[in-house]
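Novice: Listed below are the residues making up each chain.
There are 2 protein chains.
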Amino acid sequence: MYSNDGFRELGRQDCLRLLAKVPVGRIVHTRQALPAVLPVTFCLDGDDAVVLCTSATSELVRAVDGTVVAFEADEVNAAAHSGWSVVVTGPATVVTDPVEHERLARDGPRSWVPSPRQVFVRIGPALVTGRELVGGRTLYGVDPTP
Amino acid sequence: MYSNDGFRELGRQDCLRLLAKVPVGRIVHTRQALPAVLPVTFCLDGDDAVVLCTSATSELVRAVDGTVVAFEADEVNAAAHSGWSVVVTGPATVVTDPVEHERLARDGPRSWVPSPRQVFVRIGPALVTGRELVGGRTLYGVDPTP
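Listed in order, the protein sequences are those of chains A and B. Numbers given in the working numbering equal positions in the first sequence, counted from 1, plus 3. Numbers given in the working numbering equal positions in the second sequence, counted from 1, plus 3.
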């Protein structure tokens, strides 16, 4: 969250309420020492943990398990110049407990693509930040030099 | 880009064509040693460099100038189970050349929020990758255990 840039900061509860509205976010991590980002389906678990589902053999799992990641979701209406963005930053861990896995297989998120061996990755919500566009005017396509 | 996960890899030209369709993407960087991500307006410059506009005094500028960042844009239709995601990875640099700045002030991207001192940040397209969802079935809301 960057301050003083024309956006309104959102509180934790507002962030979680907005996150619950959308089915897709983006997991931000490091891959081969470079910043990486990937859209994924997700759901909230226990109100504030982000859980996503992917193939057990995916590179994503190897890249994020045991590391701190950021998870971002947003809704932006460029024409209306409105929107919000929420970021959850915290440790990502593969769910290894069989009972927990079973519960998430029933009630948790679904992967984009079915896989015979799916795993769940939980992102602990160490830090939840969000911002909402509340002011300014849309400058799309408007030449500022008359 | 992760392979073998049900997505089709896109070539560089397809990636750039898709990027040119959308006005907003997300800049992925490191902030205070943590992964960070922020939606921003942008445009393509010279066909393949991503250029964004922000306040000269913003924390974003200080965080990304001179570093390697990832820039992601996507369009996802969760209901239709279709979409694409493109990532440009490369060095971010603030445009300091006055002639170049002037040109971008005329023809370049517009910031969400007007600022008396705006700067342009160029992301060199060292690596352009993309993926398109082409298969599988939507599993949203469908319980896989009958």
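Treat each hint with caution, since some may be false.
Listed next, the stretches of chain B that the computed footprint assigns to chain A, with coverage defined by at least 3 CB atoms under 8 Å from CB atoms of chain A [as the list claims (entries may be wrong)]:
no.: 1; stretch: 17–23
no.: 2; stretch: 27–36
no.: 3; stretch: 65–74
no.: 4; stretch: 91–102
Derived by calculation from the structure, the hints in this document are not laboratory data. Remember, it's a predicted structure, so these values are computed and weren't measured experimentally. Note that the Cβ used here is the ideal one computed from N, Cα and C, for glycine as well.
Novice: All hints are to be evaluated individually against the structure, with a verdict given for each.
Specialist: Each hint tested on the structure:
no. : hint   : in the structure
1   : 17–23  : violated (count 0)
2   : 27–36  : holds (count 5)
3   : 65–74  : holds (count 3)
4   : 91–102 : violated (count 1)
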